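Residue numbers (full-length UniProt numbering), protein chains in the order written: chain A, 1 to 212; chain B, 1 to 215.
Worth flagging that the hints you see were computed from the coordinates, not collected in a lab. If you're wondering where the values come from, they're calculated on a predicted model, not measured in any experiment. Heads up, a few of these hints could be off.
[As the list claims (entries may be wrong)] Below, in silico cross-link-like pairs of lysine to aspartate or glutamate (EDC-like), each with a Cα-Cα straight-line distance of 20 Å or less:
{"#": "1", "chain 1": "B", "residue 1": "Lys141", "chain 2": "A", "residue 2": "Glu3"}
{"#": "2", "chain 1": "A", "residue 1": "Lys18", "chain 2": "A", "residue 2": "Glu28"}
{"#": "3", "chain 1": "A", "residue 1": "Lys76", "chain 2": "A", "residue 2": "Asp26"}
{"#": "4", "chain 1": "A", "residue 1": "Lys76", "chain 2": "B", "residue 2": "Glu118"}
{"#": "5", "chain 1": "A", "residue 1": "Lys107", "chain 2": "A", "residue 2": "Glu94"}
{"#": "6", "chain 1": "A", "residue 1": "Lys129", "chain 2": "A", "residue 2": "Glu110"}
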Amino acid sequence: MFEMKGINKTFAGRQILKDFSMTVPDNEIISIVGPSGAGKTTLLRCIAGLETPDAGTFLLNGQAFNPVEDHGRERKIGVVFQDFNLFPNLSVEENITLAPTLVTGQKPVEARQAVSELMASLGLAQVAKQYPYQLSGGQKQRVAIARALAMQPEILCYDEPTSALDPTLRDTVGQLILELKQRGITQIVVTHDQDFAQNIADQVVTVSPLGA
Amino acid sequence: MSLTYISEILPSLLSGAWMTIRIFFWTIVGALPLGVLVSMGLRSRWQPVRAALNFYIWLMRGTPLLLQLMFVFYGLPDIHIVFARYPAALVAFIFNYAAYFAEIFRGGFTGINQGQYEGARVLGLTYGQTLRRIVLPQVVKSVIPAVGNEVINLVKDSSLVYVIGLGDLLRAGNVAAARDVTLVPLLLVGVIYLLLTLVCTYGLRSLERHYSYYR
């Protein structure tokens, strides 16, 4: 269970988030929807520890939790970015095993073995030796998901998972997110796509622009 | 242009070329790492560090290398910093080229998407790991063409060391040309410079090819 209470965030005098609270139960999918400029991405960046909220508290399994201090092998939050942010100089397999080897300290061989099943289940086994520029958008996204999951996060966050993809792939991503739920993964999905959110989420949280 | 004459002057030209190669080699070895360090310093959060480094770059790029060579060899002894000719040349070349390299690397760092740092951060990588495994390899790839330009320039700039009395390739050619009243030595000097830059061009191309496995 992940809780956020009274999150406030202001950028350059403009308040983006005001007293935002939500609860994410284990194994559920929470969608955060709203128009652009509503602060969805800011919210996600606060959860990911990429922004520091001006006020508010986070609780993970009842314990106080500071996303900004969420470092190293104990890192709890995984993120799939809108444009994936894969490392272009590393192969698919290296992208996925980089953190397990550098951060968790696994040997490269162990790390490759540990992620082989994960990669196969995401249809990435055949592209393991390829580089990001050689992949389709859908494949890149699955690499990003595998890369995050390889660190066994408590919560996996997505920023606009449908926006960088072909419209026909929208349902495929939805299926994948639901499959991951079956594997017991708690997920937070930020999207502007209401229908997509309704289709996959256990709970839809709507944010609206402040004072606009 | 008799072969006998060429074989007579070739040894002195080659010994001059050897000086050119030594200056070239040690300048690269010294200036590249120094340039990387300076470019990282330019991104420091401490304003005085950035200001000092920007001043250094301005000084190095804003005055002729020839003047800098004279200053190091003839000027610094006034404040009791005395270099022999060869080390003086290396000091001037390394500090001069490091400034150019630093600006090139700064551009390379700017070209790296912020998303790369964030992608690494949410995986739990430290800043140092991110630099070493993600950022620097991409920076190196992106700066090879610009660094290559400077490397080729350096081959020819090394001829400036004549001003502090070092015997390099061009000087060896000049000496022979004046003594024997012929342009043949200078022609040969041109050919040797072309061969040196050919080797550099080939090396740079191979380096580019090495990094072409990704985009």
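Hint by hint, here is what the structure shows:
1. Lys141/B to Glu3/A: violated (43 Å)
2. Lys18/A to Glu28/A: violated (24 Å)
3. Lys76/A to Asp26/A: Answer holds: Lys76/A to Asp26/A is near 13 Å, not above 20 Å.
4. Lys76/A to Glu118/B: holds (15 Å)
5. Lys107/A to Glu94/A: Measuring from Cα to Cα gives roughly 12 Å; hence the hint holds.
6. Lys129/A to Glu110/A: Holds: Lys129/A and Glu110/A sit about 17 Å apart, inside 20 Å.
The structure fails hints 1 and 2 (numbered hints given earlier, in ascending order).
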